[in-house]
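Residues per chain are reported as follows:
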Amino acid sequence: AQSVSQHNHHVILSEAASLELGCNYSYGGTVNLFWYVQYPGQHLQLLLKYFSGDPLVKGIKGFEAEFIKSKFSFNLRKPSVQWSDTAEYFCAVNGNNAGNMLTFGGGTRLMVKP
Amino acid sequence: DTGVSQNPRHKITKRGQNVTFRCDPISEHNRLYWYRQTLGQGPEFLTYFQNEAQLEKSRLLSDRFSAERPKGSFSTLEIQRTEQGDSAMYLCACGTSGLWEQFFGPGTRLTVL
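Chains as they are written, first to last, in my numbering: chain A, 553 to 666; chain B, 146 to 258.
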């Protein structure tokens, strides 16, 4: 069975600070990896995804994530956060199963202070 | 707005009652997923359909939970004899076979008193 761990449950940053949110997964085979974001009062939106190729993927709004296979990690980064990045961030894994069911981590709630 | 709609957005019910939620996916998406999200947790997969066929339902939480997608378009999720532990956000997502991205609806928040 696959599982996803997000070690930071709550993160508080000031605007312009750099962000890194950790994500580790447990799965023995090939995986597809995702970061979803949920802004206050809104639905889950895809931030970025990794399927294969360059392990450094860029998403929307200046976010990027790096897949490190040896560490089973897919950490999310942004060099300079804005107040509008305040949201909850979820890492998710699809273990290449036929149905594409996603396994989510517990989420990280980010608050950016203006 | 992803184009996925869910109704109702909120449902308050008394323990023991049955509830039904509806999801209308993006029309050309043949896959439809149901997830449950409890407070402070990430979404948890429940079941999915490809067209009208329910291809995975072993993760439904109990036999009180059932889902249908009769014509391969909208889907319903029913919970019978609700319990307080069923209180959660129920999310619907859709996608297409061959593409990995899923598009989520706004969810139905269920409160069982």
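Simulated from the structure, these hints should not be mistaken for laboratory data. Heads up, some of the hints might be wrong.
[As the list claims (entries may be wrong)] Pair by pair, the computed Cβ-Cβ distance ranges are:
(1) B:Gly148 <-> A:Gly658: 23 to 31 Å
(2) B:Ser172 <-> A:Gln597: 17 to 25 Å
(3) B:Ser211 <-> A:Ala553: 18 to 26 Å
(4) A:Ser566 <-> B:Leu244: 21 to 29 Å
(5) B:Leu206 <-> A:Phe603: 28 to 36 Å
(6) A:Ile612 <-> B:Asn152: 41 to 49 Å
(7) B:Arg160 <-> A:Lys665: 24 to 32 Å
(8) B:Ser207 <-> A:Gln597: 29 to 37 Å
(9) A:Lys610 <-> B:Ile157: 37 to 45 Å
(10) A:Glu616 <-> B:Glu197: 21 to 29 Å
(11) A:His561 <-> B:Ile157: 36 to 44 Å
[Stated by the list, open to error] With the Cβ distance kept under 8 Å, some of the chain B side facing chain A (calculated, not the full set):
(12) Pro153
(13) Asp169
(14) Gln186
(15) Phe190
(16) Phe249
Glycine included, C-beta positions come from ideal geometry on N, C-alpha and C.
Hints versus structure:
1. B:Gly148 <-> A:Gly658: 23 to 31 Å: Since Gly148 (chain B) and Gly658 (chain A) have Cβ atoms about 27 Å apart, the given range 23 to 31 Å holds.
2. B:Ser172 <-> A:Gln597: 17 to 25 Å: holds (20 Å)
3. B:Ser211 <-> A:Ala553: 18 to 26 Å: Holds: the Cβ-Cβ distance is about 23 Å, inside 18 to 26 Å.
4. A:Ser566 <-> B:Leu244: 21 to 29 Å: Given a distance of about 38 Å, which is not inside 21 to 29 Å, the answer is violated.
5. B:Leu206 <-> A:Phe603: 28 to 36 Å: Since Leu206 (chain B) and Phe603 (chain A) have Cβ atoms about 30 Å apart, the given range 28 to 36 Å holds.
6. A:Ile612 <-> B:Asn152: 41 to 49 Å: Given a distance of about 28 Å, which is not inside 41 to 49 Å, the answer is violated.
7. B:Arg160 <-> A:Lys665: 24 to 32 Å: Distance hint for Arg160 (chain B), Lys665 (chain A) is violated at roughly 41 Å.
8. B:Ser207 <-> A:Gln597: 29 to 37 Å: holds (30 Å)
9. A:Lys610 <-> B:Ile157: 37 to 45 Å: holds (42 Å)
10. A:Glu616 <-> B:Glu197: 21 to 29 Å: violated (39 Å)
11. A:His561 <-> B:Ile157: 36 to 44 Å: violated (28 Å)
12. Pro153: Hint violated; Pro153 (chain B) Cβ to chain A Cβ min 15 Å, cut 8 Å.
13. Asp169: The hint is violated - Asp169 (chain B) has no Cβ within 8 Å of chain A, the shortest such distance being about 14 Å.
14. Gln186: holds (6 Å)
15. Phe190: For Phe190 (chain B), the interface hint holds, since the closest Cβ of chain A sits about 5 Å away, which is under 8 Å.
16. Phe249: holds (4 Å)
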